[in-house]
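There are 4 protein chains.
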Amino acid sequence: MLVVMRHDSTPAEVEAVCERITSLGLTARPMPGGERVAVGVLGNHGPVDPARFHGMPGVAEAIPVSAPYKQVSREWRHDQTLIRLDNGVTIGGPEVVVMGGPCAVESEDQLMRTAERVREAGGTVLRGGAFKPRTSPYAFQGLGLEGLKLLAKARERTGLAVITEAIDEESARMVADHADIVQLGARNMQNYALLKVVGTLGRPVMLKRGLSATISEWLLAAEYLLDAGLHDVMLCERGIRSFDAATRNVLDVGAIALARNLTHLPVVADPSHATGRRELVAPAARAAVAAGADAVIVETHPEPAKALSDGQQALLPDDFATMVRQLRAIAASIDRPLATLP
Amino acid sequence: MLVVMRHDSTPAEVEAVCERITSLGLTARPMPGGERVAVGVLGNHGPVDPARFHGMPGVAEAIPVSAPYKQVSREWRHDQTLIRLDNGVTIGGPEVVVMGGPCAVESEDQLMRTAERVREAGGTVLRGGAFKPRTSPYAFQGLGLEGLKLLAKARERTGLAVITEAIDEESARMVADHADIVQLGARNMQNYALLKVVGTLGRPVMLKRGLSATISEWLLAAEYLLDAGLHDVMLCERGIRSFDAATRNVLDVGAIALARNLTHLPVVADPSHATGRRELVAPAARAAVAAGADAVIVETHPEPAKALSDGQQALLPDDFATMVRQLRAIAASIDRPLATLP
Amino acid sequence: MLVVMRHDSTPAEVEAVCERITSLGLTARPMPGGERVAVGVLGNHGPVDPARFHGMPGVAEAIPVSAPYKQVSREWRHDQTLIRLDNGVTIGGPEVVVMGGPCAVESEDQLMRTAERVREAGGTVLRGGAFKPRTSPYAFQGLGLEGLKLLAKARERTGLAVITEAIDEESARMVADHADIVQLGARNMQNYALLKVVGTLGRPVMLKRGLSATISEWLLAAEYLLDAGLHDVMLCERGIRSFDAATRNVLDVGAIALARNLTHLPVVADPSHATGRRELVAPAARAAVAAGADAVIVETHPEPAKALSDGQQALLPDDFATMVRQLRAIAASIDRPLATLP
Amino acid sequence: MLVVMRHDSTPAEVEAVCERITSLGLTARPMPGGERVAVGVLGNHGPVDPARFHGMPGVAEAIPVSAPYKQVSREWRHDQTLIRLDNGVTIGGPEVVVMGGPCAVESEDQLMRTAERVREAGGTVLRGGAFKPRTSPYAFQGLGLEGLKLLAKARERTGLAVITEAIDEESARMVADHADIVQLGARNMQNYALLKVVGTLGRPVMLKRGLSATISEWLLAAEYLLDAGLHDVMLCERGIRSFDAATRNVLDVGAIALARNLTHLPVVADPSHATGRRELVAPAARAAVAAGADAVIVETHPEPAKALSDGQQALLPDDFATMVRQLRAIAASIDRPLATLP
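Chains as they are written, first to last, in our numbering: chain A, 1 to 342; chain B, 1 to 342; chain C, 1 to 342; chain D, 1 to 342.
Mixed in with the good hints, there may be bad ones.
Under the rule of at most 27 Å between Cα atoms (straight-line distance), these lysine-lysine pairs were calculated in the DSS-like manner [claimed, not checked]:
| no. | chain 1 | residue 1 | chain 2 | residue 2 |
| --- | --- | --- | --- | --- |
| 1 | D | K196 | C | K196 |
| 2 | B | K306 | A | K70 |
| 3 | C | K306 | C | K153 |
| 4 | B | K306 | B | K153 |
| 5 | A | K196 | A | K70 |
| 6 | D | K70 | C | K306 |
| 7 | B | K196 | B | K149 |
| 8 | A | K306 | A | K149 |
| 9 | D | K149 | D | K306 |
| 10 | B | K70 | B | K149 |
| 11 | A | K306 | A | K153 |
| 12 | D | K306 | C | K70 |
| 13 | C | K196 | C | K70 |
| 14 | B | K306 | B | K149 |
| 15 | B | K70 | A | K306 |
| 16 | D | K70 | D | K196 |
| 17 | D | K196 | C | K149 |
| 18 | C | K149 | C | K306 |
| 19 | B | K149 | A | K196 |
| 20 | A | K149 | B | K196 |
| 21 | D | K149 | C | K196 |
| 22 | D | K306 | D | K153 |
| 23 | C | K149 | C | K196 |
| 24 | B | K196 | A | K196 |
| 25 | D | K149 | D | K196 |
| 26 | A | K196 | A | K149 |
What follows is a set of in silico ranges between Cβ atoms, one per label pair, in the way DEER data are often shown [to be verified]:
| no. | chain 1 | residue 1 | chain 2 | residue 2 | range |
| --- | --- | --- | --- | --- | --- |
| 27 | B | G88 | A | G202 | 48 to 56 Å |
| 28 | D | P57 | B | A228 | 21 to 29 Å |
| 29 | D | H78 | A | L82 | 42 to 50 Å |
| 30 | C | T322 | B | P50 | 38 to 46 Å |
| 31 | B | G88 | A | M56 | 35 to 43 Å |
| 32 | D | P11 | A | Y138 | 28 to 36 Å |
| 33 | D | K149 | C | T200 | 24 to 32 Å |
| 34 | A | R173 | B | L42 | 44 to 52 Å |
| 35 | C | D318 | A | A245 | 33 to 41 Å |
| 36 | D | G88 | A | Y138 | 31 to 39 Å |
| 37 | A | D318 | C | A245 | 29 to 37 Å |
| 38 | B | P50 | C | D86 | 54 to 62 Å |
| 39 | B | E303 | D | E170 | 53 to 61 Å |
No wet-lab data here; the hints were simulated from the structure.
Each residue gets a CB set at the ideal place from its N, CA and C atoms; glycine is no exception.
Could you put together the complete structure from these sequences and hints?
Here is the structure:
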C-alpha cells in the first residue's frame, strides 16, 4: 500500500497517516518527493484496506501494491498446473485440447450423434448442458440428472471425457459424480457459496470468467476454489460484455495471454459464447489457440435450427471438423500438438 | 419476430423462411419493401428463438419484437406494486423510503449505535450484512446467524424494518425468518437456482441489478421471482460497471427512470456501492431521488475507518442526517414525502 | 512513480531499477517490504513514463503517483473558475444555469419560437447546432453560417446567450465570432489539433466528455485548452457509453460530483444526449442538478416529430417549462438559486 | 422500419401511426399479431428516423430494419477492395501484409535501424508517427514534416511502403504528399470534418476504429470516405475499451471476422495498441491473423526503454522477427501467404 498525500498536505497530516499505519501494526515509510509526499506501508502479509486512509485530511489516494490473490499466482508457484483426465488427456501441458458438443443435452439420439462426430473430428472432451441457467424463466432449463446419465453413457461409448455445468450445490454434487470436469458458468463466477462447495468435491473445475469480471476478480474467484482445497482448476475466457451488440460478447484474447502469464492454471477459451454467431466461431477459436489457449470448448449440433438453446452459435459437425483441422495447424505454428485419445 | 432478408435474396429463399415459420406452427407474413423483403412472424405466445432463422440462405437478421418478460411489465399489469412492511412503511407508493446502516454487522454495539442514528435521521429501514459475498476469500465473510439475531434485536429496539442479504439457499431461509426484506446481491442476480428458492419464501425481496446486466436481463431475473409465486419484489439499481475506475461504479439514473416506466415494481437506488467514495454518496443519493427512485439504501458507520468492509463508502452519522434532510427537500420538489415511522 | 518488484526479484534486479531511475536524472528510494521491494521515484516534475521500467527483469508493475493534469486541478488552484457571459449570467458560481434549445437550427421560425419559450420558461442560454457532426454522411449536416446568424438574431431578440458547436478550425472561428460559448462535442474531445486552435480564440468553451473518456482523459483534454491560454473552460458530462442500448447513454452523476471536487472548472450536464429518450430527460436533468451540476443543457423543439435531428429526445416547450420549475426546487434544496436574466 | 405497438394499443392509435407513415410519403403495412400489432414501413430509400414515432400514443418501439451504410457494404458490392501500393504489395487480397515500425519517428538513426529490421524480418510496410495525438499536452507531439521526410527517405532506402498518421487537414495534405497510406487514428474516427477532407486526397486511408465505436459506427465513418470519392479504404481494429485496465484495450477478434463479412474493405489489426503490453503483442498479432485479418501493424523499436512514446508496447527487433515467422505459419493454416517485397 502506498498512501499518496496531496501536494499541499501539512506535516501534521502526514504524521497522522503514519500513526494510523502504526496503529494497524504496520510500518510507515514516508517518501518526500518533488511535488508531494507518499507514505509506504510495510509489514503487511495481505492486502490492506485502502478505506483505512481514504478521507483522512491531506490524503489524495491509497494505492494497493500487492496483488490480492496468491495461490493461483505464478509469482508464488512456478509449476504449471496439469489436469490429467481419466481418458488419458492432460489439460495445461503442451497439448491443446478440443472440447465439443451441444449447448444442451436434448436426447440420447442427439447426444450420441454429436459425440461420435466430435470424436471423429479430433475432439477429446464432450460438452453438453444438463442444468441450464437461462436468462428467461420460460426457456428450456435442461434435462437434469437424466442428461448427466446420457453424458456418462456417451463417455462410455466414445472414450471422450465429459464436462458439464453445475448451477447450485445439489447439481454440483450430481455433476461431480457423473462427469470428469465440473463447469461453473459466467453468471456464477462470483457465487462464492457455490465456489466454496465445489472446491471440496475433488473434481476438476472449469471456471468461466464473468461477463464483466476483471482478470483480477476472475483469479480471485479461482482462489476461492484453491483455498477450499482443490488444485485441478482451469480458467475459461468466454467473451466479455462490450458496448456493441453486433456480436454477443468479445473474446478477450489479450486476457488469455495475460492469464497464462499471471497464473499457473490452464486457460480454456469458449468461442461459441464469445461470439454468439455461427460464422464467427471458427475464426474466434483459431484466434484463441493462436493467443495461447490450452483448450477450446465449442458448441456443435447436428441440426442447429432445431436446437433447444443457442442454436445460432452451434457449428454443423462438418464445420466443426474443418475447424479442428485448422486448429491443429495453428497449434503447430507455436509448437503445440493437439491432444488425441490414446 | 421479424425476419429481414438480404436485399439480394431470392424468392425461393423468402419462401424457405415462410415454410420454416409455418413448420413451427406460426404464421408468416412477407412484407416486400423498397430495398428488401421482411417476413413477419405471427401467432407466437412467447419469444421465438432467432436461431431458427440465423444462417438460412438470404436471411440478414431476425429481430425479436416482443419483450421477453411479462409478469413484471407495466404493459401487462398497470397497478403499481406496493410493498407494506410490518413497521407500517410502504415501498412503491408516493412516499420515498430511506434505508441506512452499516455494510456489515460487526458487533451489537456497532449495530445499535448505527440503528439509533439511522432512526433519528429519519430512516425507516435498517440495512446490515450478516452474510457477505466478498471478492477475496481472505476478506471478512460476515457474522452469519449471529448477525441476523443482532438485526432482529435492533428492529425490536428501534422500530426500523430490517433488510439483509442472502447468498445461498441456507442463508435465504434464515434471512426470511429474521428480516423484513431479503436482499439478493448484484453478483447473484442471475443465480437462477437461488431466485427460484427465494421466490417461494414469501418474504419481500430486493433484487440488485448485476454489474453489467441490461435492464431487460434485470427484469427477467425479477420475472423468475414472480414466476415462483412472489409478488413483493423491488428492484435495486446499485451502479453499473464502466471503463473508468475513478468511481467504483456508475449510478444509472436513466435506468431508474426507465425501470419505473417499464415495470410496476418499486425501484430502489444504492448510491454507496454505485460510487464507492464517501464524498460522492450524498450527491448520488440526491440524484437517485430526483430521478424518481422509490427508496435509497445508504451505508453509514459510526467509525468508517475501523469498518470491517467498505469503510471508504460509509457516511458518518452526521453526514447521513444531512443527506436525509436534502432528500426530503428533493422528494418534495416532485411532490413526494419521505416515509416516516408511525 | 512507484516501481513494484516481483516478490522473487533479486537484489541485482532492484539495483538495475535504481540505476535506470538515476540515469533519468531522478532519485531512487527502495522500500523493502514484507513480501517484496518497491522502489519510489523522486524528483520528477511531471509524469514519468512507466514504459521506462516495464519489462525490466524482476519488475512486477510501475504505478504512476502524480495526477497527469495540473492547470485544471483544484489541487493546484483553489479558486473556482467563474465564466461571466455578456448577458449577465455567470456559470460556475452559486447559480445554476439552464440552457435550452433545439438540437439543430432548422429555420428562423423554428429557432425564434423555441428561443421565446426557453426564455419564458426561465432559461438563460440558447443552444442550437449550426454545424452538426452526424454518424451518417447522409444525415442533415446543419445550416452552417446561416445558422450562426439566426442564433445571433435570436440572442438579440431574447437576451439569451448563445452556445453552439464547432467541428473544425474554420467553423470554430465562425462560432467564436457569433456565439457566447464554443461547444466542442464528445467525438472531438480528443481532437487535439482542434483543441489547440480553440484554446487561442478567447471565447469560453464547453468541452463535452467523450463517449468513453475517463475523467482523467477529460481533464487532460481541458488541460490542452488551458495550456493554449484559455481560462473560461467548462466541462460537460453528456452520458457515457454502456453495454445496454436501452438508453442511448448513461448520465454519470458520480462523474459530475467527482469532477467538481477535482477541478475548479464549472461542470454542465446534458441529459438529452445522456438518455436519448424524451421521457427520461427531465428525470436525468433533475438528477444532474441534485448531484451538483452548475448548468444543464437540454433540447427542446416546438414539434419534435418534425425535427431534422434527434427529435426523439427533444422536450415539448411545456415539458421544458415544467422541468425548469422542478430544477428550481431541487437547486434550492442544496441552497442554489437558478440564474435569471437581469 | 417496424413500428411495434403496445399490446393494449387502440385501433385509433394504430391508425394514427399509419397516417404518420403516409404523411412521410411512405407506405404503412399493419401486421396484427397474437399479442400486439406491428406496422411495417415500406417505400423508404434510406433509414427512417425512429423519432418520427417515439412517443406517439400506443407505440412501444420503432425498430430500424435497413443497415445505415451502403457503399461499404458487401451486400451492395460483392467485389473485395484491393489496395495496390507502389512497392508492389496489395492489401485485401489473399496475402497477409505485415506493417512494422516505431510508434513515433524520433531520429534518422532510430528510423533507419528500425526500417532495416522490419524489412529483414519480412515486413513490407513501415509505420512511424510524425504527428502524434497525445492524451497529455505535455507529452512528445512528434517531429512533424521532418518526420515525414525521414519516412520518405526510409522508403527510398528499403523499398517498404510508408503509413503514417494525419491529425488535421494540414497534416493530412502533407502526409498524402509523402506517404503511401494516410492513417486516421481512433480518436479521430468520428472527426467528420477531417474524413471529408481526407476522402478527397486520393491516397489510400487506414481508418482506425474508435475506442468505443460500434462496428456500425466504424463502417459509417468509412462511408464518409467513400462518399467523398475515395475507394482505397482499409479498416483497422486497434482494440476497444473495456472495464478492465489490466490490458490497455481488448482486441476484438470477432469484429475482425465480422467486418470481413459485412464489408468489402480490407481489415487490419493493431495488436500493439490493443494490448499495450509488450509480452501480449505477439499473441494478439497471431490471434488477429488467425481470425482473418488482412494485415497487422505492429510497433517495434531498437531500444524500447528509450522510446519517446509507447515504449512499453514496442517489440524488440528480434521478437518482431520471431512474430513474423509465427504469422507466416498461421496464415498458411488458412491458406494465405505473407506478402513479400518483389
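Hints and how they fare:
Between D/K196 and C/K196 the alpha-carbon distance is near 21 Å, which keeps this suggested pair within the 27 Å criterion. Only pairs whose Cα atoms come within 27 Å are accepted, and B/K306 paired with A/K70 is accepted, the gap being roughly 25 Å. Restraint check for C/K306 and C/K153: satisfied, since their Cα atoms lie roughly 23 Å apart, inside the 27 Å limit. Of the supplied pair hints, the one linking B/K306 and B/K153 holds, its CA atoms being roughly 23 Å apart against a limit of 27 Å.
Restraint check for A/K196 and A/K70: the C-alpha separation of about 17 Å stays at or below 27 Å, so the hint holds. With a C-alpha separation of about 25 Å, the suggested pair D/K70 and C/K306 falls inside the 27 Å cut-off, and the hint holds. Annotation: proposed proximity of B/K196 to B/K149 holds, straight-line Cα distance about 25 Å (limit 27 Å). Among the hinted pairs, A/K306 with A/K149 is consistent with the structure: their alpha-carbon atoms are about 22 Å apart, no more than 27 Å.
Between D/K149 and D/K306 the CA atoms are separated by roughly 22 Å; this keeps the pair inside 27 Å, and the hint holds. A distance of roughly 37 Å separates the Cα atoms of B/K70 and B/K149; the hinted pair therefore is violated under the 27 Å criterion. For a cut-off of 27 Å, the pair hint linking A/K306 to A/K153 stands: about 23 Å separates their Cα positions. A hinted pair counts as satisfied when its Cα atoms are at most 27 Å apart, and D/K306 with C/K70 qualifies at roughly 25 Å.
Proximity of C/K196 to C/K70 is assessed by CA-CA distance (about 17 Å); at most 27 Å being required, the pair is judged to hold. Distance hint between B/K306 and B/K149 is fulfilled; the C-alpha atoms sit about 22 Å from each other, no more than 27 Å. About 25 Å separates the Cα atoms of B/K70 and A/K306, which keeps this hinted pair within 27 Å; it holds. Distance check on the hinted pair: D/K70 and D/K196 sit about 17 Å apart at the alpha-carbon level, within 27 Å; holds.
Between the alpha carbons of D/K196 and C/K149 the distance comes to roughly 24 Å, so the proposed pair stays at or under 27 Å and holds. Note on C/K149 and C/K306: the hinted pairing holds, with a Cα-Cα distance of about 22 Å set against a maximum of 27 Å. For the proposed pair B/K149 and A/K196, the alpha carbon gap of about 24 Å is at most 27 Å, so the pair holds. A hinted pair counts as satisfied when its Cα atoms are at most 27 Å apart, and A/K149 with B/K196 qualifies at roughly 24 Å.
Taken as a hint, the D/K149 and C/K196 pair is honoured in the structure, with Cα atoms around 24 Å apart against an allowance of 27 Å. For the given pair, D/K306 sits about 23 Å from D/K153 by alpha-carbon distance, which is consistent with the 27 Å threshold. Note on C/K149 and C/K196: the hinted pairing holds, with a Cα-Cα distance of about 25 Å set against a maximum of 27 Å. A hinted pair counts as satisfied when its Cα atoms are at most 27 Å apart, and B/K196 with A/K196 qualifies at roughly 21 Å.
As the CA atoms of D/K149 and D/K196 are separated by approximately 25 Å, the hinted pair is consistent with the 27 Å bound. Between A/K196 and A/K149 the alpha-carbon distance is near 25 Å, which keeps this suggested pair within the 27 Å criterion. In this structure the supplied range 48 to 56 Å holds for B/G88 paired with A/G202, their Cβ-Cβ distance being about 52 Å. Checking the proposed 21 to 29 Å range against D/P57 and B/A228 shows it is violated: the Cβ atoms sit about 35 Å from each other.
The beta-carbon spacing between D/H78 and A/L82, approximately 49 Å, falls within the hinted interval of 42 to 50 Å. About 41 Å separates the C-beta atoms of C/T322 and B/P50, a value consistent with the hinted range of 38 to 46 Å. Restraint check, B/G88 to A/M56: a C-beta distance of roughly 41 Å satisfies the suggested window 35 to 43 Å. Remark: the range hint 28 to 36 Å for D/P11 to A/Y138 is upheld by a beta-carbon distance near 29 Å.
In this structure the supplied range 24 to 32 Å holds for D/K149 paired with C/T200, their Cβ-Cβ distance being about 28 Å. For the hinted restraint 44 to 52 Å between A/R173 and B/L42, the CB-CB distance of approximately 45 Å keeps it satisfied. For C/D318 and A/A245, the Cβ-Cβ distance of about 35 Å falls inside the hinted range of 33 to 41 Å, so the restraint holds. Between D/G88 and A/Y138 the Cβ separation comes to about 59 Å, which falls outside the hinted range of 31 to 39 Å.
A hinted range of 29 to 37 Å for the beta carbons of A/D318 and C/A245 is consistent with their spacing of about 35 Å. Roughly 56 Å separates the CB atoms of B/P50 and C/D86, a value that falls within the hinted 54 to 62 Å. Judged by the Cβ atoms, the range 53 to 61 Å given for B/E303 and D/E170 holds: they are separated by roughly 60 Å.
Checked against the numbered hints given earlier, this structure breaks hints 10, 28 and 36; the rest are met.
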